[in-house]
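Enquirer: Start from chain Z and add chain L according to the hints.
Line by line, the protein sequences are chains Z and L.
So the first sequence is numbered by my numbering: it starts at 303 and just counts up by one.
So the second sequence is numbered by my numbering: it starts at 480 and just counts up by one.
I should point out that these hints are in silico values taken from the structure, not numbers from a laboratory.
Glycine included, each C-beta is placed from N, C-alpha and C at the ideal position.
Honestly, I wouldn't trust all of these hints.
Per label pair, the in silico range of CB-to-CB distance [claimed, not checked]:
id, chain 1, residue 1, chain 2, residue 2, range
1, L, Lys673, Z, Asp503, 56 to 66 Å
2, Z, Gln537, L, Pro614, 39 to 49 Å
3, L, Met480, Z, Lys452, 45 to 55 Å
4, L, Asp934, Z, Asp503, 23 to 33 Å
5, Z, Ser614, L, Gln846, 43 to 53 Å
6, L, Lys771, Z, Asp1149, 22 to 32 Å
7, L, Asp793, Z, Thr861, 52 to 62 Å
8, L, Glu986, Z, Asp346, 49 to 59 Å
9, Z, Asn414, L, Pro614, 53 to 63 Å
Simulated crosslink set (EDC-like; lysine to aspartate or glutamate; CA at most 20 Å straight-line) [unchecked claim]:
id, chain 1, residue 1, chain 2, residue 2
10, Z, Lys796, Z, Asp763
11, L, Lys673, Z, Glu697
12, L, Lys673, Z, Asp509
13, L, Lys817, L, Asp793
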Amino acid sequence: QMVHVNKAVRIPHEEAPAKKLRLSKPSKSAALHIDLCKATNSTDALQYLLQFARKPVETESVEGVVRILLEHYYKETDNSVRLKIASLLGLLSKTQGFSPDCIVDDAISALNNEKSHQVLAQLLDTLLVIGTQLPESPAVRQRLIEVACKHLSDMYFGVRNKCLQLLGCLGMVDSPLTKDSEGLGTSLGLSVRDVQSIISDYFGDQDPRVRTAALKAMLQLHERGMKIHEIIYEQACRLLTDDYEQVRSAAVQMVWVLSQLYPESIVPIPSSNEEIRLVDDVFGKISHMVSDGSWMVRVQAAKTLGSMLQVSPHFLEQTLDKKLMSDLRRKRTAHERAKDLFASGEFSSGRKWADDAPKEKLDSNTVNLIASGACGAFVHGLEDEMFEVRIAAVEALCKLARSSASFAEKCLDFLVDMFNDEIEEVRLESIHVLREISTHITLREDQLDTVLAVLEDSSRDIREALHELICYTNVSTKECIQLALLELLKNLNKYPTDRNSVWKCLKFLGSRHPTLVLPLVPELLSTHPYFDTPEPDMDDPAYIAVLVLVFNAAKSCPTMPALFSDHTFRHYAYLRDSLSHLVPPLRLPGSGLDVVDSRCGSGSVESAQLFLQQSLIRVSTIQNLEAPGAQDLLDFTIRDLRRLGELQTELAGAADFCATYLRCQLLLMKALQEKLWNMAVPLCLKQNVTATAAAQQILEETYKLEFLYSGLDSRQVATIHHVRLQAKALQLILTARTRQGLDPLISSCEKFLQDIESFQRLFLTELPHLQDSFVDKLLELMPRLSSCKPVELVKILQTTLRQSGLLQLRLPEQVIHRATATIIEPTGESDNPLRFTSGLVVALDIDATLEHVQDPQNTVKVQVLYPDGQSHVIHPKPADFRKPGPDRHRLITQVYLSHTAWTEPSQIEVRLLLAYSSSSTSLSSSSSSSKLGWSDSIDSLPPPEAAVEGTIPFSKSVKVFIMPKPARR
Amino acid sequence: MPEIKVTPLGAGQDVGRSCILVSIGGKNIMLDCGMHMGFNDDRRFPDFSYITQNGRLTEFLDCVIISHFHLDHCGALPFMSEMVGYDGPIYMTHPTKAICPILLEDFRKITVDKKGETNFFTSQMIKDCMKKVVPLNLHQTVQVDDELEIKAYYAGHVLGAAMVHIKVGSESVVYTGDYNMTPDRHLGAAWIDKCRPDMLISESTYATTIRDSKRCRERDFLKKVHESIERGGKVLIPVFALGRAQELCILLETFWERMNLKAPIYFSTGLTEKANHYYKLFITWTNQKIRKTFVQRNMFEFKHIKPFDRSYADNPGPMVVFATPGMLHAGQSLQIFKKWAGNEKNMVIMPGYCVQGTIGHKILNGQRKLEMEGRATLDVKLQVEYMSFSAHADAKGIMQLIRMAEPRNMLLVHGEAAKMEFLKGKIEQEFSIDCYMPANGETTTVTTNPSVPVDISLNLLKREMALGGPLPDPKKPRAMHGTLIMKENSLKLVSSEQALKELGLNEHQLRFTCRVQLQDPHSDNDTLHRIYTHLKSVLKGYTIQHLPDGTVMVESIVIKVSSSAEDANTKVLLLSWIYESVYRSLRVWQPPTLDIFLR
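The following block holds chain Z by itself, in its conformation from the complex (with noise of 0.2 Å):
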């Protein structure tokens, strides 16, 4: 009925460059049709859907492929055809722009004539996707219900499947299933109920897939905001032993749910006259699934008892407790004796012979062996023999360790001794969760001593891992910090290269525990009352380990000091200027060497604050780009700035921000008051260049701004995209001066156009702010603009840009960060030339640390340039990106290099590169990464507008000997 055949169509050129050619293809629904038509049997039939499955299908033919669908449907006898075609009106449902209304009456009756079970549920799935795309339409949700209700009864597990997870996603959340609609509800025996009563009437359904799409169902109605009766709460905890483990994980999550939806609500605990709260029964039951048969429930369990906050914290505390015995004699766990030797003034823990000797005798009624409730969840989850479940169990332990101190306290010994587990992972998980409930906890000697022990272990991670955990450790004793300091030595001694790591480490560990380093400062220093010591070598870098502990410890100290001997006063010159960031400022008393730095001199954040602000204030009084001395004004603000974010680190990002921002307003304005405005066109063919440069630096500098700074909301976007705007602006201006040529400028002007058009779009909500800018005088004369010829659109523009004023840039409430990178391997320093036989590869380790980039994994690369202008992008794995810590990214990889043969030994120069889309925003990527419905293929996608690609190189760049020989024959 409805087949369009539409012969290809071209619209003949015209003059008028704002219109848009317009393609049509012969219509995807005329091609079906004669493909079915053509098909003899269902064979071929199936064929020629599933090639036609793989294209897509454009918005305004899919009615009509749906139409043909169903034709063909009704007539097919094949089931797998049938099923094909009610799969591909599914996915076709979803394609965006079409509504999927019409086919709804279609679809129910297909099913209701439908005797294949298979079909029966694909056609199910499809009214499912259907129901999904029309959520305003209630009477649609309510017959689709309806016919689920109806089918509920199949004997085909699949089908139930389907009408369950169709209840699950469109039943109601209000009303009563079956109120409006009586003629169903009498003909099913069916009083007034609701979906949950349906829903988990299936709870107990003979097929385990059933049952598990009911508790899937209820999850879904939950997700959807639907307030989950208490009353499932007794059966889903009995579907916590079924025999199926899929089951069992759908009934942990369905439980869950109700515990934080009923936390308080009192449940009887069977088999005695107790109760306890909801929440806490449902702890203990799914701490016992920790030890279930599989390990798929044991991760899902584990994983949920972290989630669980509001539990009592007597039960919470069970969770570690596991009460030992040995032949019935109680007996005390390792961790016990260990903490009693400890507290006994005995730190060596059980060296003797049976000193875990059994104690009391135990009588043999109290002794629970299976552990009613939470009793040793985590005991067991950290034992387990799959790694992911003892991962979801430290994971667990974190979560609940940050929300209770106290048992922050209890699982310090459990996370200590995961530090010794067998798997790199897990071992590396339990330091950094350590780490992060390390405020809550203060390490003991003997503990500190089995977290040191890992310092020697050979993988970089674990042990920069463990640097990151002291930065954060609080201990109690002067000998835990000696301890510390002597196996962070040792560590330096065996690993120099993690010279930086132990450093730092060191740093904080004096300024959080002054008054522990102030007696042991003259051990540490070696000084002596009466004698002179010789002086240590400054270069050392153990040396250099020890005073930053000090310094850093003295900072809070000031009595500290006055230990020091005079060297000791040179070296923190010497250090504080060469490592500042490791070397506090000091206020060190007498005799000249009063160093009150300048830079802490200069006040607090706030008084800088203020001062960023006042110099943006200062800068909007430019009215006009032209104005007198307002050059200067920039140049002095940009100058103040950059200083300004060398000083105060917590600026640094807004500052030099805001500094790159007005140079890119000063460029501007330079360029504008070129001499060459006031030439006639055809004398300036070369002056222009200074222009062009200035024009082609500020689209750059726009792009770092854009990518470069994290923190950005959408009103400093769209500063910087106002600035782009008049850069292109700027360009065409330039472009229409120079070349003679019409048809360039004359596509120049559309696509300026467009660009305008895109940015009213993208920044819609920002126009209001942007009042008498540049963009908002071009949209005043838009249709001005549109019609007008290029000539007069330069002029426009010419005149625009020249009296638009400076629009004044406001900073966001968060802090601006600048993605910085740093290369500290490899250093640049060494001499010995890297040699390779020229043709073959060699390997180039790179340690990185990125701060401030968001997705690295795909922003990040390494360029590599060679002495003769070649140049190579590197993409590193993703595996080679490690977290160390918030906002902080480390690259560890390895670039291969190669080269024909030289005869001297070179320098390559390696740098990181930040890669960017400007299809990429921040704002557009929502709307522009919509996905096509259906089918995987990408192939007849628009690409997206005008997207510029680049890089932006953000690190210093170090130079590499390398050394290509010839190959020896």
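Expert: Only chain L this time, still in chain Z's reference frame:
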């Protein structure tokens, strides 16, 4: 009622000499065939004369199953099969089959060559015995004969240890052998599915112990070794050749790797090397970590652990040596111990239990002066440490296994009576199932309640389903009509028509008739018509027909009227219905209508 009988010939309220006879569904199975370490006489082997006084065992046993390669579970196997005589199948897992003969040969050498015993099995006998072995894979169901099937589950404990599920018809028994519910450095934890056996036969070595976490022990062990090495001392670890030794090797090997340590580790050669070879091969039987990393590196290909040579003991500098035997009573470990005992920097770590009388036991109890042969005394200056690495399930582990398998009865073996008593009480209390702990030679009998499978014809099922509304409700039983046919050992439920057809019988219709006399002056036809109209008015919704041959049909019920011969006014009403109608419709309407009519 069918019964399952279990008789331990060894390991009944005792550790060692595991050998359990099970009769199930008419099949006799021997579980394990071990020896006792504590005896050197006849008591060393199970008393096979219990099975038969003379002659071979083949006709009395359907199969023998060996759970793992420890001698207390397989030590008597060649004696039983070759000297007593058994030719049936012996089942064991692949690793057990590979390692078992090595241990048996070693055992034979010690007994025959060293102790000079005669009348012992020979190497050839071991070989012959191994030829009767059928290897098992994990989770593979093996059909021993038409009715008996066995299936192996992973048991941890040692490489290749298995639990077996034995099934005859719907009766089943699970035998655990030795098992471990917590994973260690080289093996995973035991696992079984919810097979709900009629009886679970479990070991109970640690029935009264709940153990501390493995991690503490491991950490302690590593710390002690590490500290000693850093001091420049030598560490001696006396071990038994197989099992724990491999675990400790892996532990030290990975620690050395992690901590970048350089001190040498040695392992005394011999038996162990052969066994290590098999550990390398049977990677699938090890734990997750070893299984996942063996592609890069097989964990049993030790980088840091090298074979030991006698002369190394005098080398200067730190080292770690694993040496056999484990209790320091003889051999290499004792020799090394004598050399190193005088230096307080050195250390000996005892990773397991030591029998009274051995040097191991003495030094563990703090004795610092030892009397050696030849009146010499040895000053023990080195540090002595004790570490318990044991791979049996503790009380909690046993309970966990019961929870996993959900047996209907429980039977404890391989443990001390007093300890079993405690666990028995606990099991009965927590799971409310019966728990038994027979002594050697004592028979435990449990009756089973097997379900009888019946085939049902699909048509009948479908017909019932169509009749009875929606899906069958598992909570409510439902009655259905059908005919049960017992034919050649199978039961079949079919519809009655099909049963008739199959049995070649004719269908007989059973009709009930009933005469009702009533006074009515009208003619027969009129009376009939009156009944017809009356029924028509009373029974709405039923098909009522007045047939021309002078009958009224209500559904399938026929009503006829005839006048009595004596009195024309007395009419005799004949009612006739077939058997099924009694249930279907008649009951619904008969009493009230007739009442009304007759009144």
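Enquirer: Is the distance from the Cβ of Lys673 (chain L) to the Cβ of Asp503 (chain Z) consistent with 56 to 66 Å?
Expert: Roughly 25 Å apart at Cβ, these two residues miss the hinted range, so it is violated.
Enquirer: Has the hinted range 52 to 62 Å been met by the Cβ atoms of Asp793 (chain L) and Thr861 (chain Z)?
Expert: Hint holds: Cβ distance 56 Å, inside 52 to 62 Å.
Enquirer: Look at the Cβ atoms of Asp934 (chain L) and Asp503 (chain Z) and judge whether their distance stays inside 23 to 33 Å.
Expert: Given a distance of about 30 Å, which is inside 23 to 33 Å, the answer is holds.
Enquirer: If you draw a straight line from the CA of Lys817 (chain L) to the CA of Asp793 (chain L), is it 20 Å or shorter?
Expert: Holds - the C-alpha atoms of Asp793 (chain L) and Lys817 (chain L) are around 12 Å apart, at most 20 Å.
Enquirer: Is it true that Glu986 (chain L) and Asp346 (chain Z) lie within 49 to 59 Å of each other by Cβ?
Expert: Check passed, 51 Å falls within 49 to 59 Å.
Enquirer: Keeping to a limit of 20 Å between CA atoms, is the pair of Lys673 (chain L) and Glu697 (chain Z) held or broken?
Expert: Distance ~29 Å between Lys673 (chain L) and Glu697 (chain Z) Cα, so the pair is violated.
Enquirer: Do the beta carbons of Gln537 (chain Z) and Pro614 (chain L) sit within 39 to 49 Å of each other?
Expert: 46 Å, holds
Enquirer: Just to be careful, I want the Cα atoms of Lys796 (chain Z) and Asp763 (chain Z) compared with a cutoff of 20 Å; is the pair within it?
Expert: 15 Å, holds
Enquirer: If you check the beta carbons of Lys771 (chain L) and Asp1149 (chain Z), does the distance land in 22 to 32 Å?
Expert: Cβ of Lys771 (chain L) to Cβ of Asp1149 (chain Z): about 27 Å, so the range 22 to 32 Å holds.
Enquirer: Taking 43 to 53 Å as the stated bounds, is the beta-carbon spacing between Ser614 (chain Z) and Gln846 (chain L) within them?
Expert: 51 Å, holds
Enquirer: Quick check on a hinted range of 53 to 63 Å for Asn414 (chain Z) and Pro614 (chain L), using CB atoms only.
Expert: 57 Å, holds
Enquirer: Taking 20 Å as the top limit, are the C-alpha atoms of Lys673 (chain L) and Asp509 (chain Z) close enough?
Expert: 17 Å, holds
Hints 1 and 11 from the earlier list are contradicted by this structure; the remaining hints agree with it.
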